[in-house]
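Model the placement of chain G on the given structure of chain A, informed by the hints.
One line per chain: the protein sequences are A and G, in this order. Take the first sequence: its position 38, counting from 1, is numbered 49 in the working numbering, and each next residue is one higher. Take the second sequence: its position 31, counting from 1, is numbered 49 in the working numbering, and each next residue is one higher.
Derived from the structure by calculation, the hints contain no laboratory data. You may find that some hints are simply not true.
[Said to hold, decoys possible] Computed list of chain A residues with no C-beta within reach of chain G, every gap over 12 Å:
| no. | residue |
| --- | --- |
| 1 | Lys17 |
| 2 | Ile65 |
| 3 | Asp257 |
[Claimed, not checked] Simulated restraints, written as ranges between beta carbons of each label pair:
| no. | chain 1 | residue 1 | chain 2 | residue 2 | range |
| --- | --- | --- | --- | --- | --- |
| 4 | A | Ile314 | G | Pro45 | 19 to 29 Å |
| 5 | G | Asp56 | A | Ala269 | 22 to 32 Å |
| 6 | A | His184 | G | Pro45 | 49 to 59 Å |
Ideal Cβ positions, reconstructed from N, Cα and C, are used throughout, including at glycine.
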Amino acid sequence: MGLLEKMGYTHAHHYRGGLEDWRDRGGEVEGREALDGRRKRDWTLRVLSVVDHISFRGWIAGWVAMLVVCGLLYGSGLLPGSLAVDGRVLRPTLSNLGTALYFSGVTATTLGFGDVVPTGALRFLAILEAAVGLLIFGAVVTKLVSRRQEQLIEEIHDLTFEERLGRIHQGLHALIGEVHSIRLLCDQGSLGQDRVKRRVESAMRMLSVELSRVHRLLYRPHRPVEENVLESILASLVAALGEFRDLIDCAEGLETNASHEAGLRSIVRAAEEICGDCIPAPKAPRLAHWMDAVRQTAREIRI
Amino acid sequence: MASARAAVPFSALILTHAELRERLRDPRFLLVDVLPRDHFTRQHIPGAISLPYDEIEGGIRQILPDRARDFAVYCAGST
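For reference, chain A alone in the conformation it holds in the complex (with noise of 0.2 Å):
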């Protein structure tokens, strides 16, 4: 982005989601991938997703309609073939309807007991009958088990996401704590020493990383994270960045080299982009407040 800028393109606008925000919205993508991967998924996917949109009450009710739907196919001689009670063939009447309901039921849940047996081509529709009556029953358990498999999902990314709440926190405060005693270091004058050197490289990549941990927290949280504990994390890199600042001012006189320079650059951006007033959603003025103060700290990091 701050290329695009720097080569004079003043309206480059930037999805920061990127391709991952797109597809976790449903959006599609081309591509030979995209195409393998859908149509590997498909079938299963969209069977499951049948299963789901139909509610509890629609399958049983359509498990119902079966059965009085083939029972009275069995029992009014629409179709060729008939009922038999030992031997004997069962007319199409009226009151042997409910024989022809009692079969279908029987069928319809896979007992078969053999008392009423069809002949003819009823035979086939009572096999459909069967099979579709097993299909259903494994939908209907499908659905009980795939709803406690999404609560048990909700319940993990909560508590994954209060983790990474807790490892931001944890990772700011070994920065801070770090930051400052390199600097103590360097008013000690030994900071030219090349392990110390490194030190503060390490230090420069994982306020990078913090920054765009929290940068994430900001612009993409996966859950609606609670205002005081992102006043804590915010007040947090404002005092890590406040260290840094004051690192670097301590280590003026020193020779900087263009990683140096190029990763100070890249923090000092990575703060720009978190300001009061460039966030989607409002927020309270406590937390401009505090967005504010990264960008300001950010900026009197001298390069």
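Just chain G now, kept in the frame of chain A:
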């Protein structure tokens, strides 16, 4: 110190998912994918063109001679 700010305030340059969808309705809107080329071949947002990050400096002038024109850029995500 921080680089000089562009003419357009930075806040206006960030696109949300909904805004991008809206912009993409215009077939002339340019969407640039800065990921590596083989990644682009495997997966990209429909309508995007490929301009890997390290080729931006060389190639952007050909794709976009007009520096004041609106367009959008994306990468893998999460900045």
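Now the hints, each set against the structure:
Look at Lys17/A: its CB is around 7 Å from the nearest CB on chain G, not clear of 12 Å, so calling it non-interface is violated. Annotated as non-interface, Ile65/A keeps its C-beta farther than 12 Å from every C-beta of chain G; the closest such distance is 30 Å. With a least CB separation of 16 Å from chain G, Asp257/A remains clear of the 12 Å interface cut-off, as annotated. The hint said 19 to 29 Å for the Cβ distance between Ile314/A and Pro45/G, and at roughly 42 Å that hint is violated.
Hint check: Asp56/G to Ala269/A, Cβ distance near 29 Å, so the stated range 22 to 32 Å holds. Judged by the Cβ atoms, the range 49 to 59 Å given for His184/A and Pro45/G holds: they are separated by roughly 50 Å.
Hints 1 and 4 from the earlier list are contradicted by this structure; the remaining hints agree with it.
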